Amino acid sequence: MSADGEEEDMRISIYRFNPETDAKPRMQDYDVTPEAGDKKLLDALMRLKTVDDSLSFRRSCREGVCGSDAMNINGRNGLACLTSLAGLKEPVVLRPLPGFPVIRDLIVDMTQFFAHYHAIKPYLINDELAPEHERLQTPQERDRLNGLYECILCACCSAFCPSYWWNPDKFVGPAGLLQAYRFISDSRDTATAERLAYLDDVYRLYRCRTIMNCTEVCPKGLSPSHAIERIRLALVRESS
Amino acid sequence: MRLFLGQRAWMLQRATAVVLLIFLAAAAAMLLAGPRLSYERWHALATSPHGAVLIVVLFAALALHGWIGIRDIVLDYIHPPAGRLLLLGLIALVLIAIVIRVALTMAAHFTTAG
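Residue numbers (the numbering used here), protein chains in the order written: chain A, 626 to 865; chain B, 636 to 749.
If we strip away everything but chain A, and leave its shape as in the complex, we get (with noise of 0.2 Å):
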């Protein structure tokens, strides 16, 4: 928007590849003009696709909590509905997450990665008997879960982790580990052998060289980095 109020054209650079029609993908300019209401991102993607609806992405809450909207913006992964049309860099380009296979336009397919998601098992495994009430936590023991829970497995982190770019099959990835630690760390769980058996691998969880990219693009905020060195931690504990 100018200094007078009158809404300005923004230019948006889109990589679009459908797989029925083209041989390899290509970048699309775009021209587009935010209206009043339109202060992020996704609202100006979603004005686009009244324009050309070939345009394809992923959306839904559009509040950063379902996670869908995650690309490549302007070179970083984050969510089109956390990323304020101000301040960003013209011609806007996005890109499909980096690393993953492209279904179509921005739209990867995710099936690896919740596939490393299944493999940790995120539920809680607890076979004692169950108490007539809830499995109470000491509030001590439900703060460790701060920062681990509110994970949304949008895969900015992992499709931001060079580590996961080159063992995407193997390496169970910073969300995946984020997750596997916020089962590790909860007091209610007895598994916290087998889960750390499964991670002592050379490549689930020995990929990572702590480059940090996963804790630099989270957009909640999180650090599956320090998350993976308390797994690592953890390991020590139990092997000595």
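Hints are computed from structural coordinates only; laboratory data are not their basis. Mixed in with the good hints there might be a few duds.
[Said to hold, decoys possible] What follows is a list of derived Cβ distance ranges for each label pair:
(1) A/D826 with B/H678: 35 to 41 Å
(2) B/L666 with A/K649: 55 to 61 Å
(3) A/I728 with B/A663: 54 to 60 Å
(4) B/A663 with A/L713: 28 to 34 Å
(5) A/K664 with B/M646: 47 to 53 Å
(6) B/L728 with A/P756: 36 to 42 Å
(7) B/V692 with A/K649: 51 to 57 Å
(8) A/R651 with B/A662: 52 to 58 Å
(9) A/S681 with B/L723: 52 to 58 Å
(10) B/A668 with A/Q737: 55 to 61 Å
[As the list claims (entries may be wrong)] Simulated crosslink set (EDC-like; lysine to aspartate or glutamate; CA at most 16 Å straight-line):
(11) A/K714 with A/E775
(12) A/K664 with A/D634
(13) A/K795 with B/D707
(14) A/K746 with A/D814
(15) A/K714 with A/D634
(16) A/K795 with B/D711
It should be emphasised that the depicted structure is a prediction, and the values quoted were computed from it without experimental measurement. Cβ coordinates follow ideal geometry from the N, Cα and C atoms, glycine included.
Go by the hints and put chain B onto chain A.
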């Protein structure tokens, strides 16, 4: 083999890093303090029993540390199993050869002296 995988390898890499750090600090202290370093001083160090053992330990730590680091890079970038095996084998061979060479050189002082 488990010694070189997963958590053990990670611990070994850190343990050897501590050894190398101590050697570096000791070497820096030696350079800064004491009389000027000369060939005679290095020679005296290398031919003393303690010095010789320390030098072999240093190179063994360096080789182990290097092995884990280089292996990690190979695992990242070289995906065909045959190429990976060949490269890892070559690297292991070179590292082992370096340590054996250093150990033999150090031992030679004592066998000729004794």
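Would you list, in rising numerical order, the hints stated earlier that this structure does not obey?
-> 1, 4, 6, 9, 11
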